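Q: As given, the protein sequences belong to chains A and B, one line each in that order.
Okay, so the first sequence: first residue is 1 according to full-length UniProt numbering, each after it adds one.
Okay, so the second sequence: first residue is 1 according to full-length UniProt numbering, each after it adds one.
Any given hint could be a false lead.
[As the list claims (entries may be wrong)] Which bits of chain A does chain B cover? Going by a derived footprint, with three or more residues having C-beta under 8 Å, they are:
hint, segment
1, 80–90
2, 121–134
3, 235–249
4, 344–351
5, 356–370
6, 402–411
[Claimed, not checked] Result set (EDC-like, lysine to aspartate or glutamate): computed pairs, CA atoms no more than 16 Å apart in a straight line:
hint, chain 1, residue 1, chain 2, residue 2
7, B, 333, A, 356
8, B, 294, A, 347
9, B, 294, B, 324
10, B, 333, A, 355
11, A, 287, A, 309
12, B, 294, A, 141
13, B, 333, A, 350
14, A, 138, A, 188
15, A, 393, A, 376
16, B, 294, A, 350
17, B, 333, A, 357
18, A, 393, A, 456
Please keep in mind that the hints were generated in silico from the structure rather than gathered at the bench.
These figures come from a predicted structure and were not determined experimentally.
Glycine included, C-beta positions come from ideal geometry on N, C-alpha and C.
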Amino acid sequence: MATTERTFPSPFSVATPTGAEGWEELYPYYLRFREDQRESEESRFWFFDGMHNPQPIYPFDTIMVENWWVSCNLQTVRLWQVPPALGIDQRIMNGYIYCSPTALDDPDEVAARVPVFQRRAGYYFQHWDEIYAAWIPKAEDCIERLKAISFEPLPDKEPESSVTEHPGVYSSWHLLRRYDELISNMFEMGSYHFEMLNLGYGAYNTFREFCQAAFPGITDQTIARMVAGIDIMYFRPDDEVRGLARRAVELGLAPLVRELTDPDELMAAMAERSEGREWLTALEAAKEPWFWYSTGVGYTHTDRAWIDDLRLPFDAMRGYVDKIEAGEDIDRPLERVLEERARITEEYAEVIAADEDRAAFLELVELARQVYPYVENHNFYVEHWHHSLFWNKVRELGDLFVGAGFFGDREDIFYLHRDEVRSALYDLVAGWATGCTPRGPSYWPPIIARRVRILEALRTANPDPALGTPPLEIKEPISIMLWGITPTMVESWLDGGEDAATELRGVAASPGVARGPARVVNSPDELHGVQSGDVLVCRITAPSWAPVFSRVAGAVSDIGGIMAHTAIVSREYGLPAVVGTGFATQNIKDGQLVEVDGDNGVVRILDATAT
Amino acid sequence: MTAAEPSIVWLDEDGATPERLGGKFGSLAEMVRAGFAVPPGFGVTTAAYRAFVQAGGLDERIGGLLGEAPPDDLDAIERASAEIARLIRQAPMPARLEDEIRAGYAELESRTGTAGVPVAVRSSGVLEDTAGASFAGQYDTYLWIQGADAVLEHVRRCWSGLFGPQVLTYHPHGEGVRHAERAAMCVGVQQMIAARAAGVAFTLDPVTGDRSKIVIEAVWGLGEGVVSGDVSPDRFRVDKITLEVLSREIAEKAGEHRLDPASGSVRLVDVEPERRGAASLDDDLVRAIASEAKRIERHRQAPQDIEWAVDEEARLHVVQVRPETVWSRRPAKRIVEPGQGALDRVLSSFIRPGGR
């Protein structure tokens, strides 16, 4: 057991930020730490999942964490039966999600699970390509069904067809069913999300561990370069933007693109001329589906997609237009990337001394390459395309509530848990059916107003990186692979509070050293304030922050394991980056001069005074 | 010896073979042929040495002196060694040989565009620096020698170095080697690089034997500090495949070997305080050296130990190459358990996460 002085705060001792009193009402009982389970909950280790939810969670958005709570964990516990592990439990504290990896302690049970796991997981690996080939149409079909869901206001009177076609069920029933379909569609995609993911991470991680043993000191980016393909979907949106830039130059529209920085103004000006209309057609073609590209991780409704906010892709396009005009080649060097992948793999194989080791290396890289398209591409289907669409469908339902007088704004719906929305919808339907006033319009607005204030207050307090009792070891493989939770990481968190005043340590995610004023970004809205040469400091970065990456000098994040969505983009942009620092957004103040040492995973605060 | 056998052979000449130039200079000639940046120079061949000792019966007198000294009598060996050195210093040099060496030096002055070009004069034995026999530090090297007279004098010193007491008593491979060596000594005469920084590059990690790394040790000034060990070098670890600089350990370098104008010789002099803790190479140079080391290894098809120098214009020069002899002979360290396939390893990563 850990000594008393080296422990994390008890979940029962964390203060509620002023103004956030009563925050518990935002979340269902099963997501809260409960006094009646105090002893058990204090004895467990809880780490803050800022990787997926860097901000206090909106009540509706808990659907995402509740999804993986079931769909990811059931894989470990019920499906594959990963021998030493139970699932990753979760709770919410002050709006932030905390995860607790659980081990299976009974050695007989662990032993009994080994052959089952080997058989079941082995089946998936042996049939990987065909299972992935079948996965894509499942995901696309799920997205098509989501698109088909729509929320129209209930009609004043049932149409004539409700009589002549005598369906026997009416608008109210359809509305409730569509809502249930919406939620069930989310859980369906949520389940596909994890169908192959954990196994895929495992294969990649095994290759990575082999490389670290065979070539001590090899960087994670080099390992990734041996595996990564080029036909990866999340490069595609950026490729589309390059294409639009090229089209704009060809059509003589470059001056317009440069002059009009507001997307609406630019599109209006384009519509006035024939070349411009041609370009707009190209834009429309590119948008579906490639602009369903979240500006965040896709896990919360505040992560808007490019399609909702064209500033990010248009900023990027303007940059490409400038490059084309300056005579630069903006194509992604696909062939060179593949040649490099082949070259470095071959050269590493050459320097392995033992023949059996070389054979193992080549087998592992092949397996990692086999699983990698899924590992990389699921992200576009699930988090970007499906989830961005999902949030907008919820907004459509928000409009319906606004129309019925329940909410003042379509976004208010996110202040209700999905089960509360189900209740409110029933209230609305009952009011419509009976012709009497529903209770919602007087019931929900004060609750929403209170919750707006509570969430604002919760955002003012930074979450502890961990709560409860530090673990002696971590046996749950997903927390290690995905979140990078290791005993070393836990140690650094335990030390973090005192020594981190001027220096933070994290994972060296992208090489090089950069200095610049810190720009602390807590949400994607704040990205537009980032200036050229700034060092981006955030809880976590998202791949689609691309236009910002072309401006900043370096990137620092609080959270990030080796398979996080983040590090790849930093490397793609050649930016020094340190991820997983734990405390950067707390310790670094906006405007402070900082140094990002992406070679050694260190961030130094050079000038303590903020400008 | 045939009449056609030359007394001096340039590094870039067709006839620059290890048989004529010895191991050290023969390897450099191979580097020149492969297009690497090696400072220009020539070797005073093994044939030249033989012509010198055969003239006036010098070889017979040396043989007699050696025969009189019992191999286990150190005092006697030292006396014989001193007497041989005196003979070699005083014996007349055949006029044609002396003319050829003087002409060689004049040619080097012309090739480098530098009158009185400073040169390194060093021994190069036939079996030296071949895989398996290093003879490390047994032979002589003279730095910053200027003028044909001084070159001639130091060629003689290298020759007499063949009979230094340490050489006469160094026989890890038996008597035969000693005799073969004695008949096969070349002396290299090569332009000195006025190095801003210099050092060695290993094409494997000398600590772990990891062949995916290049390790570079570098000091300010001439490379003598790294070789002799009297200056702690900066140490850089580079990924051989991607040429990423993986680590940089910068040492406090209080001294550097460079020309002391007062004495006209190379000495260990103090480094100004502001340069002591500074990196002797920037990342671009580290990568350039690593890239060159990788090419040399590839050319020679085995791990190498390379001496290099960077001049004031940041140009890189290769000054010595030799096969790595320690790790190349050890059995390889194993990583995987035999018979465990890729899928088994992946499944194990779930069963025993973190390798437990």
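Q: Verify the proposed pairing of residue 294 of chain B with residue 324 of chain B, using a straight-line Cα cut of 16 Å.
A: holds (13 Å)
Q: Check whether three or more residues of the segment 402–411 of chain A sit with their beta carbon closer than 8 Å to a beta carbon of chain B.
A: As far as the segment 402–411 of chain A goes, the hint is violated, because 0 residues have Cβ atoms under 8 Å from chain B.
Q: Given the hint that residue 393 of chain A pairs with residue 376 of chain A, test it: the Cα-Cα distance must not exceed 16 Å.
A: With Cα atoms ~25 Å apart, residue 393 of chain A and residue 376 of chain A exceed 16 Å; violated.
Q: Given the proposed pairing of residue 294 of chain B with residue 350 of chain A, does the C-alpha separation stay at or below 16 Å?
A: holds (13 Å)
Q: Tell me if chain B covers the segment 80–90 of chain A under the three-residue, 8 Å CB rule, please?
A: Per the Cβ count (5), the hint holds.
Q: Next pair to validate is residue 333 of chain B with residue 355 of chain A; report whether the Cα-Cα distance is within 16 Å.
A: holds (11 Å)
Q: How does the coverage statement for the segment 121–134 of chain A fare against chain B, requiring three or more residues with Cβ below 8 Å from a Cβ of that chain?
A: As far as the segment 121–134 of chain A goes, the hint holds, because 4 residues have Cβ atoms under 8 Å from chain B.
Q: Hey, residue 138 of chain A versus residue 188 of chain A, does the alpha-carbon distance stay inside 16 Å?
A: The given pair, whose Cα atoms are some 10 Å apart, holds under the 16 Å limit.
Q: Would the hint linking residue 333 of chain B and residue 357 of chain A be met if the CA-CA limit is 16 Å?
A: holds (9 Å)
Q: Could you grab the alpha-carbon distance between residue 393 of chain A and residue 456 of chain A and see if it respects the 16 Å cut-off?
A: violated (25 Å)
Q: Starting from residue 333 of chain B, check that the Cα of residue 350 of chain A is at most 16 Å away, please.
A: Judged against 16 Å, a Cα distance of about 15 Å means the pair holds.
Q: Would the hint linking residue 294 of chain B and residue 141 of chain A be met if the CA-CA limit is 16 Å?
A: violated (52 Å)
In the structure shown, a violation is registered for the earlier hints numbered 3, 6, 12, 15 and 18, in ascending order.
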